[in-house]
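Chemist: Sequence:
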Amino acid sequence: MNGGSLTGSLADTPWAAYWREGRISSCRDDEAGLYRGAIGDFWRGYFAALTDSTMILDLATGNGALPALALEVCRDTGKQLSIIGVDRAVTKPKIESCPFNNRCSVMFCRAAVEYLPLEAGVISAIVSQYGVEYSDLPAAIAETARVLMPAGWLAWLCHWRDGYIANQAQREAHDAAELLALDLSGKTKRLLKLQIVNGRITHDGHERTAASRERAELDRALRAAFSMVRDRGHPPGGNLQTYLANLGYIYQQRTAQATDAVFAALDELRHQLDYHRLRQAQLVRAALTAERLQECLQLMSGAGFERIEHGEVWEHGGSQLIAYRITARRE
1 MNGGSLTGSL ADTPWAAYWR EGRISSCRDD EAGLYRGAIG DFWRGYFAAL TDSTMILDLA
61 TGNGALPALA LEVCRDTGKQ LSIIGVDRAV TKPKIESCPF NNRCSVMFCR AAVEYLPLEA
121 GVISAIVSQY GVEYSDLPAA IAETARVLMP AGWLAWLCHW RDGYIANQAQ REAHDAAELL
181 ALDLSGKTKR LLKLQIVNGR ITHDGHERTA ASRERAELDR ALRAAFSMVR DRGHPPGGNL
241 QTYLANLGYI YQQRTAQATD AVFAALDELR HQLDYHRLRQ AQLVRAALTA ERLQECLQLM
301 SGAGFERIEH GEVWEHGGSQ LIAYRITARR E
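Start counting the sequence shown at 1; every next residue gets the next number (our numbering).
Honestly, the hints are just simulated from the structure, not real lab data.
Listed next, with one range per pair, are the computed distances between beta-carbon atoms:
hint	residue 1	residue 2	range
1	180	290	25 to 33 Å
2	20	245	14 to 22 Å
3	212	245	20 to 28 Å
4	37	105	22 to 30 Å
5	194	142	55 to 63 Å
6	78	253	45 to 53 Å
7	236	23	14 to 22 Å
8	78	224	51 to 59 Å
Every residue gets a Cβ at the ideal spot worked out from N, C-alpha and C, and that includes glycine.
Using the sequences and the accompanying hints, generate a full structural model.
Modeler: Structure follows, in structure tokens:
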């Protein structure tokens, strides 16, 4: 392997924090943490069609959803595959081995898609699920062409700007920004400071501060926040509803923790909401548009790819446009 540099926004804290939570897929995951529905079916079919001993490179792998799906196919079919997952963010993949088939292998490394730490022509297949579109596409396509062996295949499922996920992300980013502007964590801290006696938040502090200006400001902000998430249809288990629920929990447990710990929890809660906003905004910016798709196809053609096919991916039943598919063969 060759060395490479790490550059770009995906090495930043928001995505690293997301992967540290132990998530497997970047969105639309079920209780197993893997992609299901049309996306899962696409990848299972793709991996099942590969020949034995194929070396797969997964670009922007995150915590390894595609390697996990590939190993499921190995388990079910007896196929032998080797998978390398790369991501510029600090990730936390849970897959370390393939106990049901010791001729399969999986490994992960931190690397930018634009600077792959691989020799030329060593990869048989390159895949990406909601990942490569976040990169600098000219550099990523050039690197893909460099490391992919002749007659090797790529398959990418990307976010599509007019699709369901990008539209949801745009709404989440906008509404998260509105919640952040209400400064609920800051207003809660200012109220709690009035409830401190001898360095501790007191049990009777809530009643003592009932008529304070800080309490009135927090109550107004909370009413606005709950009205917003309710009226705009955010689900109870969604990020914005969870943020409000966690804020309430911290306040309810305020006397059970040291004051510094309570304030730190409020700061962390605000950071988590801001990270969510940033991730959703990045998703929207990364999603392919018709113009960016054409640029991508032209770059692939110029880099020596042939048999380029592309099209929309809809969830089963045609209810939601969830991705855009690009497949191509290296000359």
